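All chains, full assembly: derive it from the sequences and hints.
So for the sequence shown, the working numbering puts the first residue at -11; every next one is plus one.
If you are wondering where the hints come from, they were derived from the structure by calculation, not from laboratory data.
Among the clues, some could well be false.
[Stated by the list, open to error] Straight-line C-alpha distance at most 20 Å; calculated EDC-like pairs for lysine to aspartate or glutamate:
1. 28 to -3
2. 127 to 62
3. 28 to 59
4. 28 to 91
5. 127 to 63
6. 28 to 92
7. 28 to 55
8. 28 to -10
9. 28 to 62
10. 28 to 95
11. 127 to 109
12. 127 to 59
No experiment lies behind these values; they were computed from the predicted model shown.
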Amino acid sequence: MEIRPVRYDAPDAAALTALVQQEYVVRYGDPDITPMDPEKFVPPSGLFLVGYLDGEPVACGGWRAQDASPEGFEDGDAEIKRMFVVQGMRGRGFARRILAAIEESAELAGRARIVLETGTEQPEAISLYTSCGYVPVTKFGVYRDEPLSVCMGKALGAAADDLPGLRVRTA
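So, in structure tokens, the structure goes:
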């Protein structure tokens, strides 16, 4: 798989994120209502990636910078959004490769912590993130009060050496 940076609103990215929204409807009954501004995924404040196999878009994911806010973000956060692998291409390590590229680019951009929100109806996503070192963190974002929401995070770069700085949810 070849991973390329693209605009969040580029045709291939838009097609994959539409599939992500369909997946949310199947699993949760509704699409994700989190506001998504394509400009938030433009370097150095973010990045969106599409993975191609034989020229076809098969995977995507991106991050956008977040700082301390009433929604529960902390200064230096990079929030992962729209991680997805198309049906029939899952189980090949594509999500893990996109995730590694997201983490590397967020760290190079100077972000201290990478966070994400997923849900209990996506056990394969939770398993992936756990296997990559993500731990539960204090809930944030639009769905922070939803019982099906799961928020996870991981320290990046120098912050990774100071794990007490990663606020782990205890309840």
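Each hint, compared with the structure:
Taking the CA atoms of residue 28 and residue -3, the gap is near 11 Å; set against the 20 Å cutoff, the hint holds. Taking the CA atoms of residue 127 and residue 62, the gap is near 11 Å; set against the 20 Å cutoff, the hint holds. This hinted pair checks out: residue 28 and residue 59 have alpha carbons roughly 17 Å apart, not beyond 20 Å. Taking the CA atoms of residue 28 and residue 91, the gap is near 16 Å; set against the 20 Å cutoff, the hint holds.
At roughly 15 Å between alpha-carbon atoms, residue 127 and residue 63 fall within 20 Å of each other, so this suggested pair holds. About 18 Å separates the Cα atoms of residue 28 and residue 92, which keeps this hinted pair within 20 Å; it holds. Under the criterion of a C-alpha separation no larger than 20 Å, the hint pairing residue 28 with residue 55 is consistent with the structure, at around 13 Å. A C-alpha spacing of about 23 Å is found between residue 28 and residue -10, which places the hinted pair above 20 Å, so the restraint is violated.
Restraint check for residue 28 and residue 62: satisfied, since their Cα atoms lie roughly 17 Å apart, inside the 20 Å limit. Straight-line distance between C-alpha atoms of residue 28 and residue 95 comes to about 16 Å, which keeps the hinted pair within the 20 Å bound. Distance restraint check for residue 127 and residue 109: the Cα-Cα separation of roughly 17 Å lies within the 20 Å cut-off, and the hinted pair is therefore satisfied. The straight-line distance between the Cα atoms of residue 127 and residue 59 is roughly 9 Å, inside the 20 Å bound, and the hint therefore holds.
Consistency note: the structure conflicts with earlier hint 8 alone.
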